[in-house]
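Chemist: For chain U, the structure is supplied; the task is to place chain R on it using the hints.
2 protein chains.
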Amino acid sequence: MNNDDFLEAYLKDRCDIVEDALQRYLPDEDSMPQELHTAVHYSVFSGGKRIRPILCLAALEACGGDIATGMPTACALELIHTYSLIHDDLPAMDNDDFRRGKPTCHKVFGEAIAILAGDALLTEAFVLLSQAQKVRFPAERRLAVIQEIAHAAGMAGMVGGQALDMLAETVEPDFTGLEQIHRRKTGALIEAAVKTGAILAGAGEEKIQAVCRYGTHVGLAFQIADDILNVEGDSALMGKNTGSDATRGKVTYPALLGLEQAKARLAEAVEAAIEAIAAFDSRALPLRVIARFIMERKS
Amino acid sequence: MNNDDFLEAYLKDRCDIVEDALQRYLPDEDSMPQELHTAVHYSVFSGGKRIRPILCLAALEACGGDIATGMPTACALELIHTYSLIHDDLPAMDNDDFRRGKPTCHKVFGEAIAILAGDALLTEAFVLLSQAQKVRFPAERRLAVIQEIAHAAGMAGMVGGQALDMLAETVEPDFTGLEQIHRRKTGALIEAAVKTGAILAGAGEEKIQAVCRYGTHVGLAFQIADDILNVEGDSALMGKNTGSDATRGKVTYPALLGLEQAKARLAEAVEAAIEAIAAFDSRALPLRVIARFIMERKS
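If you read the protein sequences in the order shown, they are chains U and R.
Just so we're aligned: 84 in my numbering is position 84 of the first sequence, and the numbers increase by one with no gaps anywhere.
Just so we're aligned: 98 in my numbering is position 98 of the second sequence, and the numbers increase by one with no gaps anywhere.
Isolated chain U, as found in the complex (with noise of 0.2 Å):
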């Protein structure tokens, strides 16, 4: 089986355990009204490729750990994912009506229960982090993994870069800006991924950094490929426009250094993520083609 047939494989099989699993951890109907139900799933079960939850599950595996015992940690992570494109794609915000070939949260919902769908998933993350769990890590593990998500997600993280990425539309864009929003808005929770996976596997300080280079790495990596794409991915494939970004003037990394240099500083960093794991023996393997993947995906 040569790379590409086993990252194919391993992707879709990850992607079912992931769907399975929130699935079983998102609370049932009785628990919420049913029009909040309704748009929860809708968005959560909206064809994410479950990169972040992936992601987590392969360095906890890369660590030694057993993935079953990941999944809540990783399910956390991707309810956070969900939450913030929900907010993002807001009328305030990007103004998106649709996201994957869907109409958004907020167009088939409304935005009174867009925004409530989005807090209720960013809560719910911290309800399945901090609840009893049949594996029983050490608590204070558990709490170690609460709070990297959480300040990924916060102010310095997430929040932080989507309120520097609002208020940069009305700024001339910059290099150090641009990296600055990418490393909090989509950074910050792609590097939580690994290293709470790596904290979960029980790994020592040495490979938890090393998990973390490879995180921001990716993550760096991640966002270019993103602008890449919507300058000339298919949009057929992407279920949104591309051409998007420019059309609204947005600080893109095309826009900024051209796209030859775009795909150069890409490459370069997928390099610099599988280098920080070079130590790392063959359970790194998924970590190691999930980096090139990023690079040649076409959606």
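Heads up, a few of these hints could be off.
Partial list, derived from the structure: chain R residues whose beta carbon lies under 10 Å from chain U [what the hints assert, rightly or not]:
no. : residue
1   : P103
2   : A153
3   : M155
4   : L256
Please keep in mind that the hints were generated in silico from the structure rather than gathered at the bench.
Quick reminder that beta carbons are idealized off the backbone N, C-alpha and C, glycines included.
Modeler: Chain R only, in chain U's frame:
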């Protein structure tokens, strides 16, 4: 010193302690965009009565704990309360222009920053609850606190209650529906406030249950009192227009029960709260006088 003097001095003292702690715990300017920092501080320091943190500390004290150890939890409760006010006031939700006599967050900073300030505060609460603290409670106890608060804030609690409230504006109000909304929207976090205080103090199951019952009744009393103040309160003291619920056709206790019946229900709830902690010693005096204060407050 009679009860009124004691109460006034007590609430003032606790309010000051909580304000100081909030100032210390909120991330500084360097860690987030200036505009977001300003919006967060504007909303957190806008004259809140700090009822939830004060209840948490009072329950901690009533169960024999040292209040200094409860400050991160007390402050996390206030951050979550503040986030919920910011999001509830948004144009897509209750569309309120004023809160405590000042323009609401979105009126000053715009909707995008208001949504993000709410998201930031909700997330920051979990940073605060999970981060390494000077006072080292057993990690299991800290996880239990996170779980209680996340559950109270989430789909089964505050978010679910606000969704019900939004949906209720389009259907005929009834009493069961009203109780459902308030138990989730206001009651859940107040109950979590006293319950987490008891958990932090290391109280036994019986005491925790008693404190929970106190919280349920006090939460109900708080909501009825709020509804009554909206009918007959002094708008200058309240910092918002009275009578706004009626104009909006909102489901309230006075609207459903009539004013006199609503007042009788309030008095019953306060008595039941005090009865729930009848077996506690004099360290529960603050819990007792706070219950009475809720009935008698003017704003």
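Chemist: A separate judgement is required for each hint: does it hold in the structure or not?
Modeler: Okay, the hints, checked on the actual structure:
| no. | hint | result |
| --- | --- | --- |
| 1 | P103 | 17 Å, violated |
| 2 | A153 | 5 Å, holds |
| 3 | M155 | 4 Å, holds |
| 4 | L256 | 20 Å, violated |
Consistency note: the structure conflicts with the earlier hints numbered 1, 4.
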